[in-house]
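Residues per chain, in single letters:
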Amino acid sequence: MTATTELKNIISEENKVYGKTSVLLDNEMHYCPGCTHGVIHKAIAEVIEDMDIQEETIGVSPVGCSVLAYNYLDIDWQQAAHGRAPALATATTRLMPEKYVFTYQGDGDLASIGCAEIMHACNRGENIVVFFVNNGIYGMTGGQMAPTTLEGQVTATSPYGRDCQTTGFPMKISEMVSLLPGTRYVTRESAETAGAVRKLKKAVKKAFANTRENKGLSFIEIVGTCSSGWKQTPVQSNEWMKEHMFPYYPLGTLKDE
Amino acid sequence: MGDIRLMKGNEVIAEAAIRCGCDGYFGYPITPQSEIMETLMIRRPEQETGMVVVQAESEVAAINMVYGGASCGKKVMTSSSSPGISLKAEGITYLAGAELPALLVNIVRGGPGLGTIQPAQSDYFQAVKGGGHGDYKLIVLAPASVQEMNDFVDLSFELSFKYLNPAMILSDGVIGQMMEKVELSDFKPRWTAEEIEKISGSWATTGKKKGIKRRISTSLDLDSAKQEVFNHKLQAKYRAMEENEVRFEKIDCDDADYLFVAYGSSARICQKAIEIARAKGIKVGLLRPITLFPYPTKQIQEMLGQVKGILSVEMSAGQMVEDVRLAVEGKVPVEHFGRYGGIIPTPDEVVEALEQNFLGE
Amino acid sequence: MTEEIIIAGFGGQGVLSMGKILAYSGIMQDQEVSWMPSYGPEMRGGTANVTVILSDNRISSPVLKKFDTAIILNQQSMDKFEADLKPGGTLLYDPNGITRHPERKDINIFKIPGAALATEMGNPKTFNMIIMGGFLKVKPIVKIENVQKGLEKSLPERHHKLIPLNIEAIQKGIENVETVISL
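Protein sequence lines correspond, in order, to chains R, X and F.
Taking the working numbering, I'd label the letters of the first sequence as residues 1 to 257.
Taking the working numbering, I'd label the letters of the second sequence as residues 258 to 618.
Taking the working numbering, I'd label the letters of the third sequence as residues 619 to 801.
Don't take each hint at face value.
Stated by the list, open to error - Going by beta-carbon spacing under 10 Å, a handful of chain R positions derived as facing chain X:
| id | residue |
| --- | --- |
| 1 | 55 |
| 2 | 166 |
| 3 | 168 |
Unchecked claim - Stretch by stretch, here's where chain X covers chain F in the computed footprint (C-beta under 8 Å, at least three residues):
| id | segment |
| --- | --- |
| 4 | 631-643 |
| 5 | 679-687 |
Worth flagging that the hints you see were computed from the coordinates, not collected in a lab.
Where is the CB? At the ideal position from N, CA and C, for every residue including glycine.
Can you make the complete structure from the sequences, with help from the hints?
Following this line, the structure appears as structure tokens:
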């Protein structure tokens with residue numbers, strides 16, 4: 001037997017231990033090496049496949065690094081103006097209440113320019129899922145300070161470290177939205193280890209199940225990294241995140257009703 | 258005889274939306290158009306036709322809800338007044354860029370800034386020349402009566418879906434707050450999910466079915482070469498609108514020596530001015546653009562052999578007059594008469610302006 | 619026939635609803651109508667006026683500077699609109715609260731003690747229909763039966779029981795209008 005035939009024999013259904021979900025497209029991702037977006041995309045895609053809701057799911061992508069999320073998940077997408085994804089999702093779920101509608105937003109998009117839209121969508125308890133990727137920085141525009149940038153953190157617009165006396169304090173969005181009666185499920189997750197991704201997928205599944213049961217708004221914050229913006233290697237970024245982000249943005253479920 | 262009522266222009270917009278099978282209204286209160294959303298809330302169309310009505314947290318949210326709803330292939334609309342339309346400008350250019358159909362209503366008030374709540378026509382440039390960024394056009398309809406407020410709601414949706422482009426009804430507090438006799442349209446059912454797939458299935462984000470390509474509602478293309486091709490496509494669409502969709506009305510033009518050009522409420526005032534002027538022996542007619550984009554350029558040009566002077570009458574400091582001058586190309590004198598900041602010109606003032614400009618009085 | 623009317627007074631006097639009922643009455647006899655209000659930013663107690671046009675033809679401007687008829691219900695409106703009547707026009711007013719009576723000699727002037735009659739009828743809300751009666755006596759442009767139909771069409775069903783009272787008020791107005799100057 002040649003090596004090739006040997007390989008062909010191995011590639012068979014009974015030997016399969018892993019398969020890429022077909023909801024994730026083969027398009028090459030534009031994300032930087034070490035970026036958390038790719039992992040999160042895959043987690044969402046896998047849950048969509050597991051729950052068999054691909055045909056019924058509409059995603060709303062933001063402005064920011066994940067503006068092109070529609071190139072990676074094989075579902076129908078709307079691409080929103082900066083910060084406005086929850087408004088698009090509101091109309092979409094109101095007009096097609098049987099669909100699974102989610103927004104996918106970064107911290108500049110959701111916590112800064114889109115603060116009004118997210119607060120009011122949460123307050124109205126729209127039957128949607130919100131994925132809030134918090135890496136404490138504006139990625140796409142080149143690493144500027146975000147509302148979630150930590151005190152003292154160096155960014156392109158806080159080159160001497162964030163001074164909270166003049167720029168305000170890092171905003172704990174999940175804590176804020178959990179206070180609104182319209183939110184049903186609020187959790188803060190991460191995606192830096194296989195275990196963390198498993199937990200994230202459980203949360204994603206619960207959130208879409210909430211949509212199915214018409215329970216209202218599920219809000220999943222994912223604390224992530226931005227190696228390029230933070231000017232670190234991917235490995236350093238994960239360490240820095242655990243050391244600095246997790247204490248300020250503690251992981252875990254804030255609300256589950 | 259159909260359903261004849263005495264109604265305000267603003268109320269009629271709401272009623273016409275329900276009757277033409279509109280799926281969703283998303284708005285934010287602002288004078289002088291709040292009756293549109295108020296009427297909808299009183300009518301509770303969700304119980305009658307299933308139409309959704311949402312009071313958004315801001316104009317910005319409202320127009321983006323429209324974007325979301327339009328992306329689903331639904332007939333959706335918003336309404337506002339001048340400062341609110343400025344806030345919606347970003348969303349409007351996104352709608353144009355994503356080639357989404359939607360109805361936008363602007364009940365114009367005097368500006369700039371917060372301005373006044375009284376009627377004006379000073380948002381002509383904003384509606385017709387842009388308002389938001391980028392090379393885009395809206396289909397702009399200017400009703401001059403409460404009946405046209407009714408008729409243009411359905412027409413706007415029709416044109417909007419025909420060209421996959423947002424359409425605007427540009428009116429003001431005169432038509433919005435005035436009551437007139439109106440024959441309401443008959444009820445049309447809202448489109449079913451199957452009809453939406455048939456009409457807009459190539460682009461509406463209703464959930465990706467197996468075997469078909471996913472649909473993406475976006476105005477983004479980072480590849481400039483592709484973006485230019487897309488811009489060519491938009492421009493071709495606008496030229497097709499200019500070819501096929503110009504609407505106008507001529508009044509007393511057959512023997513006219515002079516011509517008023519005016520739209521909306523100013524056109525109504527000019528009709529009275531014609532009565533007054535003709536009683537004095539001045540033969541004046543009116544060309545009323547009904548579509549402000551596409552503009553009745555050719556129709557104005559056709560009058561040039563006949564008239565000795567044109568007075569553009571607007572409740573602005575002189576905006577539409579630029580398009581009249583572009584049409585006329587200096588062949589006859591074109592003058593502007595306007596009152597603004599919320600002041601409505603009287604028919605007598607319009608006649609005086611005509612006399613002063615063209616009759617040496 | 620085209621009749622261009624201004625009705626002007628205080629908010630709360632029923633100025634706008636009187637105009638609306640008049641316009642509805644016009645519709646009931648197949649006329650073209652327009653009703654164009656103008657009021658201050660106040661929610662209550664400011665001045666209010668409405669231009670009502672009834673015509674057998676398409677109506678041109680709903681906003682006018684000259685009127686065939688002015689129905690004037692307070693002093694500010696007298697000061698503002700007396701001069702805006704066309705020569706030969708008609709001015710109808712309630713002398714209640716009027717300190718400067720109309721002075722023009724080239725118009726028809728009528729007065730009606732609307733406020734006093736409304737008090738007499740024991741219902742201040744009949745005021746505007748009393749004035750309407752006075753107007754219809756001097757300018758019978760709409761038939762009373764069409765006013766009745768207009769009320770039926772414009773009032774919600776639950777208020778239809780008030781229609782007889784309104785018609786009674788109109789009769790009261792018809793009986794009590796006085797000529798001051800008739801050209």
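Going through the hints against the structure:
no.	hint	in the structure
1	55	5 Å, holds
2	166	27 Å, violated
3	168	21 Å, violated
4	631-643	holds (count 3)
5	679-687	holds (count 6)
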